[in-house]
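All chains should be built: construct the whole structure from the sequences, respecting the hints.
2 protein chains.
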Amino acid sequence: MTTSIDTVAQTADAAARALADVPPAVRAKALVVFADALTANAEELIALAMEETGLAEARLRGELKRTAVQLRLFADTILDGAYLDVRIDRADPEFALGPRPDVRSGNEPIGPVLNFAAGNFPFAFSVAGGDTASALAAGNPVIVKAHPGHPRLSRRTAEVGAAALDAAGLPAGTLQLIEGQDEGTAMLKHPLVKAASFTGSLRAGRLLADIAAARPAPIPFYGELGSVNPVFATPAAIAERGPEFAAGLAASVGGSAGQLCTKPGLVFLPADHGLDKEITAAVAAEEQRMLDPRIADGYLHRREAILSAAGVRLVAPGSVRVDEDGQGWVTPTIAAVPLADFRPHPDALLGECFGPLTILVESPEGTDYAELLDTLFEGELTVAVHRADGDDVTALVRTAARRAGRVLFDGWPTGVAVTPAMQHGGPWPATTSGGTSVGTAAIKRFVRAVAYQNAPAEALPPALRDDNPWQVPQAVAPAGESAAWGDRAI
Amino acid sequence: MTTSIDTVAQTADAAARALADVPPAVRAKALVVFADALTANAEELIALAMEETGLAEARLRGELKRTAVQLRLFADTILDGAYLDVRIDRADPEFALGPRPDVRSGNEPIGPVLNFAAGNFPFAFSVAGGDTASALAAGNPVIVKAHPGHPRLSRRTAEVGAAALDAAGLPAGTLQLIEGQDEGTAMLKHPLVKAASFTGSLRAGRLLADIAAARPAPIPFYGELGSVNPVFATPAAIAERGPEFAAGLAASVGGSAGQLCTKPGLVFLPADHGLDKEITAAVAAEEQRMLDPRIADGYLHRREAILSAAGVRLVAPGSVRVDEDGQGWVTPTIAAVPLADFRPHPDALLGECFGPLTILVESPEGTDYAELLDTLFEGELTVAVHRADGDDVTALVRTAARRAGRVLFDGWPTGVAVTPAMQHGGPWPATTSGGTSVGTAAIKRFVRAVAYQNAPAEALPPALRDDNPWQVPQAVAPAGESAAWGDRAI
Numbered sequence: 007m008t009t010s011i012d013t014v015a016q017t018a019d020a021a022a023r024a025l026a027d028v029p030p031a032v033r034a035k036a037l038v039v040f041a042d043a044l045t046a047n048a049e050e051l052i053a054l055a056m057e058e059t060g061l062a063e064a065r066l067r068g069e070l071k072r073t074a075v076q077l078r079l080f081a082d083t084i085l086d087g088a089y090l091d092v093r094i095d096r097a098d099p100e101f102a103l104g105p106r107p108d109v110r111s112g113n114e115p116i117g118p119v120l121n122f123a124a125g126n127f128p129f130a131f132s133v134a135g136g137d138t139a140s141a142l143a144a145g146n147p148v149i150v151k152a153h154p155g156h157p158r159l160s161r162r163t164a165e166v167g168a169a170a171l172d173a174a175g176l177p178a179g180t181l182q183l184i185e186g187q188d189e190g191t192a193m194l195k196h197p198l199v200k201a202a203s204f205t206g207s208l209r210a211g212r213l214l215a216d217i218a219a220a221r222p223a224p225i226p227f228y229g230e231l232g233s234v235n236p237v238f239a240t241p242a243a244i245a246e247r248g249p250e251f252a253a254g255l256a257a258s259v260g261g262s263a264g265q266l267c268t269k270p271g272l273v274f275l276p277a278d279h280g281l282d283k284e285i286t287a288a289v290a291a292e293e294q295r296m297l298d299p300r301i302a303d304g305y306l307h308r309r310e311a312i313l314s315a316a317g318v319r320l321v322a323p324g325s326v327r328v329d330e331d332g333q334g335w336v337t338p339t340i341a342a343v344p345l346a347d348f349r350p351h352p353d354a355l356l357g358e359c360f361g362p363l364t365i366l367v368e369s370p371e372g373t374d375y376a377e378l379l380d381t382l383f384e385g386e387l388t389v390a391v392h393r394a395d396g397d398d399v400t401a402l403v404r405t406a407a408r409r410a411g412r413v414l415f416d417g418w419p420t421g422v423a424v425t426p427a428m429q430h431g432g433p434w435p436a437t438t439s440g441g442t443s444v445g446t447a448a449i450k451r452f453v454r455a456v457a458y459q460n461a462p463a464e465a466l467p468p469a470l471r472d473d474n475p476w477q478v479p480q481a482v483a484p485a486g487e488s489a490a491w492g493d494r495a496i
Numbered sequence: 007m008t009t010s011i012d013t014v015a016q017t018a019d020a021a022a023r024a025l026a027d028v029p030p031a032v033r034a035k036a037l038v039v040f041a042d043a044l045t046a047n048a049e050e051l052i053a054l055a056m057e058e059t060g061l062a063e064a065r066l067r068g069e070l071k072r073t074a075v076q077l078r079l080f081a082d083t084i085l086d087g088a089y090l091d092v093r094i095d096r097a098d099p100e101f102a103l104g105p106r107p108d109v110r111s112g113n114e115p116i117g118p119v120l121n122f123a124a125g126n127f128p129f130a131f132s133v134a135g136g137d138t139a140s141a142l143a144a145g146n147p148v149i150v151k152a153h154p155g156h157p158r159l160s161r162r163t164a165e166v167g168a169a170a171l172d173a174a175g176l177p178a179g180t181l182q183l184i185e186g187q188d189e190g191t192a193m194l195k196h197p198l199v200k201a202a203s204f205t206g207s208l209r210a211g212r213l214l215a216d217i218a219a220a221r222p223a224p225i226p227f228y229g230e231l232g233s234v235n236p237v238f239a240t241p242a243a244i245a246e247r248g249p250e251f252a253a254g255l256a257a258s259v260g261g262s263a264g265q266l267c268t269k270p271g272l273v274f275l276p277a278d279h280g281l282d283k284e285i286t287a288a289v290a291a292e293e294q295r296m297l298d299p300r301i302a303d304g305y306l307h308r309r310e311a312i313l314s315a316a317g318v319r320l321v322a323p324g325s326v327r328v329d330e331d332g333q334g335w336v337t338p339t340i341a342a343v344p345l346a347d348f349r350p351h352p353d354a355l356l357g358e359c360f361g362p363l364t365i366l367v368e369s370p371e372g373t374d375y376a377e378l379l380d381t382l383f384e385g386e387l388t389v390a391v392h393r394a395d396g397d398d399v400t401a402l403v404r405t406a407a408r409r410a411g412r413v414l415f416d417g418w419p420t421g422v423a424v425t426p427a428m429q430h431g432g433p434w435p436a437t438t439s440g441g442t443s444v445g446t447a448a449i450k451r452f453v454r455a456v457a458y459q460n461a462p463a464e465a466l467p468p469a470l471r472d473d474n475p476w477q478v479p480q481a482v483a484p485a486g487e488s489a490a491w492g493d494r495a496i
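Residue numbers (the numbering used here), protein chains in the order written: chain A, 7 to 496; chain B, 7 to 496.
Treat the hints with care, since some could be wrong.
You can't tell identical chains apart in this list, so a pair holds if it fits in one copy or across any two.
As the list claims (entries may be wrong) - Heads up, simulated DMTMM-like pairs for lysine to aspartate or glutamate below, C-alpha to C-alpha not over 25 Å straight-line:
no.	residue 1	residue 2
1	Lys71	Asp298
2	Lys283	Glu293
3	Lys450	Asp86
4	Lys71	Glu487
5	Lys283	Glu310
6	Lys195	Asp353
7	Lys450	Glu114
8	Lys71	Glu165
9	Lys195	Glu384
10	Lys71	Glu100
11	Lys195	Asp216
12	Lys450	Asp216
13	Lys195	Asp380
14	Lys450	Asp493
15	Lys450	Asp27
16	Lys450	Asp19
17	Lys195	Asp12
18	Lys283	Asp347
19	Lys450	Glu487
None of these hints come from the bench; they were simulated from the model.
Structure below.
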């Protein structure tokens, strides 16, 4: 371990102890100050992001706004206090198993969190993104391992963020930045780091998850590893609104040059959809730059492999070229394959293709989508169902709920709403844990419950006290209730 | 993989799918029927348990009652529905980041759960125990790997349980039993098993946790691995109620022949406590049988090592003898060591000693307990604080909350209350996850959230519908609220 890694970890540990003394209102205020600082520095940050990532200005402007809104949402989450899951069981001399003590529990911060930033969301899943916001909201210091795709933006965002948190009264070291792959790995092994989050590839995520699990003291590792996001369209849906479907598909596949973990990768639809012309017409003609040469190279090879697989034909050929700097420039590619060719060798087409390409799987009349989803897929961020009134999609929806974190209807999986109910995560390999990295439930990843038994009021955390100074929700089990347990069920 | 393991897993998978159609009221009723069946068969089950484990009748009678009460508590938990964490974000055309869809999320069952039963709680942490109850309550089928210490009891409990669940209308295969170490390991690797729980030693738990993490598709592994459960007594507490302290200590160390994960293993108290006579008098003179010859052998060796460590003296010598069947018979041993001898070589005395032995660490005036706890301990199920009015234990309590899952005052960690607020779990190595295996929060381990976006009402799980037929708590975020996010904090 290099000295600097140890110093950063020690600083985070000291910050964790100091944060324990910071009232939630101050922590909430600090998140708002952080959000406002991002907005105040928007022009500089967006210019840096455009230069380093090649993402379009409108997209980055929207993403920065999303990032600021997300910090404000978590400020609200802190003050609401429901995430503390406070439970109070009053002492009960008549308890079914003999006299019971007063027991109270609530969530407390888990300790320093290491956040591996993503390359495809330089704001929303990077230094000031959802993992950082949710870990800070829970009361933990955060160490961000910068993504190498936008180093200057990462440094500047960390400066802006650390200054804002400092100005708002949070301890020094509440937000720190480290750079370098070896440094990230060394930090993941540091005993003072208590949880880690990651957004990126399955390969890298698995490597890091294995490191976290193999530590002398294992820690939770929350990896968001991407997905194929299958879409299933019924014949009635296509008959009812085929052109709208084609336009939505083209927009969803092409947005951000297809570099989104929620991009629809496989679209199951009737073989006689007849939408080739509409899709081709809807696909954007303007080239977009990919994030970096490595991603462009990966896309180039994956696209070639898909297009050369048995039975695959081009609907909208799209384009991909590499410039003198190694940067890739692309327009969306829409391919199609008959289910009869796909089904015998699904592995050739099932893996995620990170870029603006999707495959239409043309399915004969009477195809059982639920069976296909159940048999071919393992864990997905999303499953989308396009249906019309009168379609019975019960079996498909139930299967989708077993295979994905989000099931959406008559829409496209890109464009993740940052709201309390959002679930952005699914069974392995979509995520390592099934947790969510978007929405207020993301905070659950960075807390753990502590119970206090027969504690004098002055030794209790304020949220667990009878006078409830923070006015958080408290679930109180009164004395005497145990006698009736189970009676409601009879 | 042997055929029978695969058959059991396939049966569990089929049961998981069928359970999805079972209304919660039927699931709750089934848990009550299970509880009542345990009670109806109590005489037979207790007789089997006494024979196989050597535990005392009174203890087993209380444990069986606890196990039945626990099943009834989880029946209540299902009907209450708070564990579903239902969130409803209504569609909002004025959302801060542009029009947002209707998004609703709630917890759903994770899938078949494998439960490695414990040896020291043949009811409460075995076939019908807390891990089984919480996994069933969440709507998952359970495969129990029987503990080899009580095979006949395990089989009989599984028969009683499966018959009760069947009679209550749950699918076949909702509760299954497997036996054998290799079979347990093979099942842990089976792709249809979606989560596992375990109560036992750090060594075995780590082995299994590593297997779960190394699977092609890793699964959550909830191991409860035991603890030293340090106790800290202030000079004022000992001065105020020394004899009561001595009696409580003796009872807590000796109960169930010390074979409890919450047994206090290290007791820090003032060097001038003067309680040798009271402790010796309070220690039980009657021999208790240990669970099995392997545990007796482990205790014998660990006890010898502790008693031969530098500076250790005997307060109450206790006894240990092995009979012709290899069974160990014990009375409690209370040792003592000056802090000055303990501190330089803490590893010799820090590890858990599974049996009726505890070590008094005699600490000079002015000893900083918070610093000791912070420096020497990693993760514990419990930390107990004995104090008197006027003692400032703030720093000690705060440190205890970082190191343990339960902080208790003026009492002993054995005797875990089965109530909604109980937290039985702590940071590694007390548990693998920080989760709890006792109390209603244990159900959280066996669910995962699924979000539905723009779903027609008929495609939604009942708990997420506006008409809320199950009458569960729904956290509703109305349209328009995002404009005010963060404003409360300013």
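How the hints compare with the structure:
{"no.": "1", "hint": "Lys71 x Asp298", "in the structure": "within (24 Å within a copy, 63 Å between copies)"}
{"no.": "2", "hint": "Lys283 x Glu293", "in the structure": "within (20 Å within a copy, 87 Å between copies)"}
{"no.": "3", "hint": "Lys450 x Asp86", "in the structure": "both (14 Å within a copy, 21 Å between copies)"}
{"no.": "4", "hint": "Lys71 x Glu487", "in the structure": "between (48 Å within a copy, 16 Å between copies)"}
{"no.": "5", "hint": "Lys283 x Glu310", "in the structure": "within (23 Å within a copy, 83 Å between copies)"}
{"no.": "6", "hint": "Lys195 x Asp353", "in the structure": "between (34 Å within a copy, 22 Å between copies)"}
{"no.": "7", "hint": "Lys450 x Glu114", "in the structure": "both (10 Å within a copy, 16 Å between copies)"}
{"no.": "8", "hint": "Lys71 x Glu165", "in the structure": "within (18 Å within a copy, 59 Å between copies)"}
{"no.": "9", "hint": "Lys195 x Glu384", "in the structure": "between (29 Å within a copy, 16 Å between copies)"}
{"no.": "10", "hint": "Lys71 x Glu100", "in the structure": "between (55 Å within a copy, 15 Å between copies)"}
{"no.": "11", "hint": "Lys195 x Asp216", "in the structure": "both (11 Å within a copy, 16 Å between copies)"}
{"no.": "12", "hint": "Lys450 x Asp216", "in the structure": "both (22 Å within a copy, 24 Å between copies)"}
{"no.": "13", "hint": "Lys195 x Asp380", "in the structure": "between (37 Å within a copy, 20 Å between copies)"}
{"no.": "14", "hint": "Lys450 x Asp493", "in the structure": "between (32 Å within a copy, 23 Å between copies)"}
{"no.": "15", "hint": "Lys450 x Asp27", "in the structure": "within (20 Å within a copy, 28 Å between copies)"}
{"no.": "16", "hint": "Lys450 x Asp19", "in the structure": "within (20 Å within a copy, 28 Å between copies)"}
{"no.": "17", "hint": "Lys195 x Asp12", "in the structure": "within (11 Å within a copy, 36 Å between copies)"}
{"no.": "18", "hint": "Lys283 x Asp347", "in the structure": "within (23 Å within a copy, 84 Å between copies)"}
{"no.": "19", "hint": "Lys450 x Glu487", "in the structure": "between (28 Å within a copy, 22 Å between copies)"}
Of the hints listed earlier, there is not a single one the structure fails to meet.
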